[in-house]
Each structure stands twice: as structure tokens, then as C-alpha cells.
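Construct all of the structure, not just a fragment, from the sequences and the given hints.
Line by line, the protein sequences are chains A and B. Position 29 of the first sequence, counted from 1, bears residue number 29 in my numbering, the numbering being contiguous throughout. Position 76 of the second sequence, counted from 1, bears residue number 76 in my numbering, the numbering being contiguous throughout.
Hint data in this document are derived by calculation from the structure and do not stem from the laboratory. Keep in mind it's a predicted model, so treat the numbers as computed, not measured. We put the CB at the ideal spot given by N, CA and C, even for glycine. Check before you lean on any hint, since a few could be wrong.
Stated by the list, open to error - Distance condition first, Cα-Cα at most 25 Å in a straight line; then the derived DSS-like pairs of lysine-lysine:
id	chain 1	residue 1	chain 2	residue 2
1	A	Lys3	A	Lys13
2	A	Lys13	A	Lys62
3	A	Lys100	A	Lys62
4	A	Lys5	B	Lys98
5	A	Lys3	B	Lys2
6	A	Lys6	A	Lys52
7	A	Lys83	A	Lys6
8	A	Lys6	B	Lys62
9	A	Lys78	A	Lys13
Stated by the list, open to error - Residues of chain B clear of chain A, computed beta-carbon distances all greater than 12 Å:
id	residue
10	Gly4
11	Gln15
12	Glu29
13	Glu33
14	Gly51
15	Pro53
16	Asp56
17	Ile60
18	Lys62
19	Glu66
20	Leu67
21	Lys98
22	Asn102
23	Ile120
24	Arg124
25	Leu125
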Amino acid sequence: MAKIKKFLYVNRKAPYGTIYALESLEVVLIGAAFEQDVSVAFVDDGVYQITKGQDTQGIGMKNFSPTYSALGDYEVTKIYVEKASLAERGLSQEDLLDLKYEDEDDDWAEKDSIRLVSRAELADIMEANDVILSF
Amino acid sequence: MKFGIQVNEGPYNHQASDTAYQFTKAALEKGHEIFRVFFYHDGVYNGTRLGVPPQDDRNITKLWTELAAQHDLDLVVCVAAAQRRGVLDADEAKRHGKDADNIAPGFRISGLGQLIEAGIQADRLVVFGD
Chain A
1 MAKIKKFLYV NRKAPYGTIY ALESLEVVLI GAAFEQDVSV AFVDDGVYQI TKGQDTQGIG
61 MKNFSPTYSA LGDYEVTKIY VEKASLAERG LSQEDLLDLK YEDEDDDWAE KDSIRLVSRA
121 ELADIMEAND VILSF
Chain B
1 MKFGIQVNEG PYNHQASDTA YQFTKAALEK GHEIFRVFFY HDGVYNGTRL GVPPQDDRNI
61 TKLWTELAAQ HDLDLVVCVA AAQRRGVLDA DEAKRHGKDA DNIAPGFRIS GLGQLIEAGI
121 QADRLVVFGD
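Next up, the structure:
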């Protein structure tokens, strides 16, 4: 499969309440095996998916948020979080998981995967991608 | 143009599958190619043959089955999403020790890689859902 396309996964929904977030993460992990150029975005209630300190005991569901920390190992290193969505929910980057990756082009230096972007910047990112899967 | 189609919602509860069907049909009538239709999330319920909608209503699963037969469409139901929700073909039923299968004619069960491949191979991947 020679074609390399730019894939953007757009996560818009809260992690629990519906299954979209969990099944989106499953697509991202499977898709990582296809050696495409992958980005992941979190907007609207989707920003809750990567908040830290999630505790799902009370709702009897699996807390799958630790899996996001593995994205760097799958070479998913571009994670865009839309700033206004955070602000509207009283959140800041300190409330988010500390997602990192090791940059093989920079002597495996550990770097932040999360990039805060404005709505306009995210629109440009969407424009620059070939395949957008929204969940 | 070559389209990939993703259907993320089940039949009747949501219009996504109807709209995806109408889009697919219209695209084929205009001479476009449909690389694959991929059913994900509750969309896998479009692939059960056991639905019995009222006679004066549309049978969405049957519409997909007929369209697939007519145009040799590839209708793929995601295996992981389908297992959770009890949509099985004969092989899957046997593997999991279930006493029945319910996949509708024209549909097949396969992995998420088929969705990624549709994204790679199609000129446009169109997602229908919430």
C-alpha cells in the first residue's frame, strides 16, 4: 500500500454516555498499523476524553483513558485540542493527560503530543487532511 | 469519483443509514464507484437479517442487500463492533459458541482495517452518523 494519506480523527463526544469515544480510539489504534500520516483532534465534549483522573467505578464501565497514553508508542504524535472547547468547560491543559512521544528524528527526545489550537487553526488542519473521520 | 461510505448509526432510530443508502444509490446512478460501505458503532445493526419492520415501512437492511446484489457492493460490518452487539455470521457464531447467526445476505464481517483501507483507496470517505 504505497499511498500515504493524511488521516484526521475528530473526537467530539464525552468519553462515557455513548460508545463513540471508545470505538474511535479502537479505529485510531488499528489505523496506526497502516503507516499513514495520523492526527487526532479533540473538540466540544470530546476534550473530556483526555482529562486526567477519570474514575468510572460508579458507572460500572471500564476507564479506557490510560490507553490514550499509549498513542505515542503507536506513532500517533499529533494531538490537537481545541482551546475554546476547553475554556467553555472550565478546563485548561493542566486538566489533561500528559501525552508524550519519543521523537526518533531528535535522538528519541520526549516531546508533548498535545497542541492547543484555535478554532480557526483547527479548520486549517481539517483543510490540510485527506480523510476526516468524526466520532 | 470513487467513494468510501461509513455508516455509524443503526436503522430506524436514526436517519444515517437511510441517507447513506440514498447517497450510495444516487452516486452509483451518476456513474460513480463505491469502493466499500463500512458499518461501525450501532451501524452494524443494519446488517442483521432478523429485522421485521411493518409492511408499509421501508426495510433498510433489505434495501442494502438489494443494492449490493445489483451493483456488486462490498458491505462490511465491523467485527469488533458487531461482536459487542450480537451481529454474527456463521463462522463467528461457531467461534463464540453461539447457537445462531444473523448476518443479512450481501453483508460480510471484517476488521477495522477495511475502513482504513477505504480511506486510503477512495477519493472521498463520506461518514454518515450523529
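Against the structure, the hints:
no. : hint                : verdict
1   : A:Lys3 to A:Lys13   : 30 Å, violated
2   : A:Lys13 to A:Lys62  : 17 Å, holds
3   : A:Lys100 to A:Lys62 : 23 Å, holds
4   : A:Lys5 to B:Lys98   : 39 Å, violated
5   : A:Lys3 to B:Lys2    : 15 Å, holds
6   : A:Lys6 to A:Lys52   : 28 Å, violated
7   : A:Lys83 to A:Lys6   : 22 Å, holds
8   : A:Lys6 to B:Lys62   : 35 Å, violated
9   : A:Lys78 to A:Lys13  : 19 Å, holds
10  : Gly4                : 9 Å, violated
11  : Gln15               : 17 Å, holds
12  : Glu29               : 25 Å, holds
13  : Glu33               : 16 Å, holds
14  : Gly51               : 21 Å, holds
15  : Pro53               : 24 Å, holds
16  : Asp56               : 31 Å, holds
17  : Ile60               : 21 Å, holds
18  : Lys62               : 26 Å, holds
19  : Glu66               : 28 Å, holds
20  : Leu67               : 23 Å, holds
21  : Lys98               : 21 Å, holds
22  : Asn102              : 20 Å, holds
23  : Ile120              : 5 Å, violated
24  : Arg124              : 9 Å, violated
25  : Leu125              : 5 Å, violated
The structure is inconsistent with the numbered hints 1, 4, 6, 8, 10, 23, 24, 25, although it conforms to all the rest.
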